[in-house]
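Enquirer: Chains A and B, in that order, give the protein sequences. To convert, take the position in the first sequence, counting from 1, and add 138; that gives my numbering. To convert, take the position in the second sequence, counting from 1, and add 138; that gives my numbering.
What the hints contain is simulated information worked out from the structure, not anything from laboratory work. A few of these clues could be false.
For chains that are exact copies, the list does not tell them apart, and a pair is met inside one copy or across any two.
PhoX-like mimics (lysine-lysine), calculated; alpha carbons at most 25 Å apart, straight line [claimed, not checked]:
| id | residue 1 | residue 2 |
| --- | --- | --- |
| 1 | Lys208 | Lys317 |
| 2 | Lys165 | Lys242 |
| 3 | Lys328 | Lys150 |
| 4 | Lys322 | Lys208 |
| 5 | Lys293 | Lys208 |
| 6 | Lys192 | Lys352 |
| 7 | Lys165 | Lys356 |
| 8 | Lys150 | Lys352 |
| 9 | Lys186 | Lys242 |
| 10 | Lys150 | Lys356 |
| 11 | Lys165 | Lys192 |
| 12 | Lys165 | Lys150 |
| 13 | Lys317 | Lys293 |
| 14 | Lys355 | Lys150 |
Protein chains: 2
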Amino acid sequence: MEIQVMENILGKNDQIAAENQNLFAQKGIFVLNLMGSPGAGKTALLEKTMAALKADLRLAVIEGDLFTSKDADRIAQHNVPVIQINTSGGCHLDAAMVQKVLPKLDLEQLDLLIVENVGNLVCPAEFNVGEDEKAVVLSITEGDDKPLKYPLIFKESAISLLNKVDILPYTNFDMESAKTDIRKLHPAAKIVEVSCMTGQGLDVWYDWLRAQTKAKKKRDGGENQ
Amino acid sequence: MEIQVMENILGKNDQIAAENQNLFAQKGIFVLNLMGSPGAGKTALLEKTMAALKADLRLAVIEGDLFTSKDADRIAQHNVPVIQINTSGGCHLDAAMVQKVLPKLDLEQLDLLIVENVGNLVCPAEFNVGEDEKAVVLSITEGDDKPLKYPLIFKESAISLLNKVDILPYTNFDMESAKTDIRKLHPAAKIVEVSCMTGQGLDVWYDWLRAQTKAKKKRDGGENQ
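Sequences and hints are given; from them, build the entire structure.
Expert: So, in structure tokens, the structure goes:
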């Protein structure tokens, strides 16, 4: 009975996600669904990313949070269009929430849209919002056991960012074990060690975003060229 | 429509939670629902707690995880009864899951039962499993903005443990700001700074657990006396 309800909700979500995806394809916009636990460092990563890429690419951000506009306020300081979605306690973004705010963005003027999901290592991975790819940020302070304990999000993510490596010496995180587990779940996943404090690894992340955005433009053309 | 579904699920959960709660009252067992993000340090805290309290109190643990028995394996090393619940991807424990495993525990021989919920700062706070109190573990590496961003779990928790304070100097966590926000959400909440690495603050936590367990025994009597 409860499983049936779940299937209906997911089925409806997939339909709206497909509508979003069609719209993004028409406009040639690469869309990334950025996920991770509370405090994994998603917003800090986005702030660095906005500063690094806004000269090359036309960017926008959708911020998902239960309450507050704290994250959107941080992104807005970088003079990038940002829309806050408050889920009022909901544990993930869904395709309908994203669809509802898209009219607030000038899609004609966009190359890359990053959707920062609610901080949660479980539920966001179950709901496609119309993105091209998912990414997961795992702070090394969360522990190396997390990929096997929360497998879906790592299976679904084309890229796994292992964040806060600057404080690796003060933790018992086993980097090789975490990478091995992520590769078991998703053999082709790109895995990057990063630190938003020291900048380590961020160029690899920026290059990946640039390449994905370029490939999307080439693939779908889009009216924005 | 979806809200209606949610109310029905929560209503059913509350009913089963009340059944669990009656059973725990009959037996005079204090039950704690321990929550927090993935990697907040819930299991490490429990390992310390088992080692410190098992001489004084009859303890058991229910471990909630999406997959794997990694956490239960860690607890079992302390020679304390432990039951693993795997939610197969479910983002929280509910009262029915807990009810189903209770026959595996010898409730006649218990003073304190700690239920470690799925690592998630959102959903577990919405589902009572029949506990006397909720507790939240927040790692200071997650950031001081988390109480206001995830208010329900802090509102619901009688005690907030601010964990990993040993690495406070390597972070930008503002302790006073976090405490102020937690007090705004729950003025009577007990807030304790702890480190499972150095042991800081753990005695305060142990004393709180001892006092709660004693008070429950006194209040409900229980057949276990």
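Enquirer: All hints are to be evaluated individually against the structure, with a verdict given for each.
Expert: Against the structure, the hints come out as follows:
In this homomeric assembly, Lys208 and Lys317 come within 25 Å of each other (Cα to Cα) only across copies, at 17 Å, whereas the closest approach inside a single copy is 32 Å. Taking the shortest Cα distances, Lys165 and Lys242 sit within 25 Å of each other inside one copy (15 Å), while across copies they are farther apart (57 Å). Taking identical chains as interchangeable, the C-alpha atoms of Lys328 and Lys150 are never at most 25 Å apart, the minima being 30 Å within one chain and 43 Å between chains. For the homomeric pair Lys322 and Lys208, the shortest alpha-carbon distance between copies (17 Å) is at most 25 Å, but the shortest distance inside one copy (36 Å) is not.
When the C-alpha separation of Lys293 and Lys208 is checked against a cutoff of 25 Å, the pair qualifies only between copies, where the shortest distance is 19 Å, while the shortest distance within a copy is 29 Å. With identical chains, the CA atoms of Lys192 and Lys352 are at most 25 Å apart within one copy only, with a shortest distance of 15 Å there and 59 Å across copies. In the homo-oligomer, the alpha carbons of Lys165 and Lys356 lie at most 25 Å apart inside one protomer (12 Å), although the nearest pairing across protomers, at 67 Å, exceeds that limit. When the C-alpha separation of Lys150 and Lys352 is checked against a cutoff of 25 Å, the pair qualifies neither within a copy, at 31 Å, nor between copies, at 50 Å.
Taking the shortest alpha-carbon separations for Lys186 and Lys242, only the intra-copy value of 24 Å comes in at or below 25 Å, while the best inter-copy value is 50 Å. Taking the closest pair of Cα atoms, Lys150 and Lys356 never come within 25 Å of each other, the shortest separation being 30 Å inside a single copy and 52 Å across copies. In the homo-oligomer, the alpha carbons of Lys165 and Lys192 lie at most 25 Å apart inside one protomer (18 Å), although the nearest pairing across protomers, at 62 Å, exceeds that limit. When the C-alpha separation of Lys165 and Lys150 is checked against a cutoff of 25 Å, the pair qualifies only within one copy, where the shortest distance is 23 Å, while the shortest distance between copies is 46 Å.
Only within a single protomer do Lys317 and Lys293 lie at most 25 Å apart by alpha-carbon distance; the minimum there is 13 Å, versus 36 Å between protomers. Taking CA atoms no more than 25 Å apart as the test, Lys355 paired with Lys150 passes in neither setting, with 28 Å inside one copy and 49 Å between copies.
Violation of the numbered hints given earlier is confined to hints 3, 8, 10, 14; the remaining hints are satisfied by the structure.
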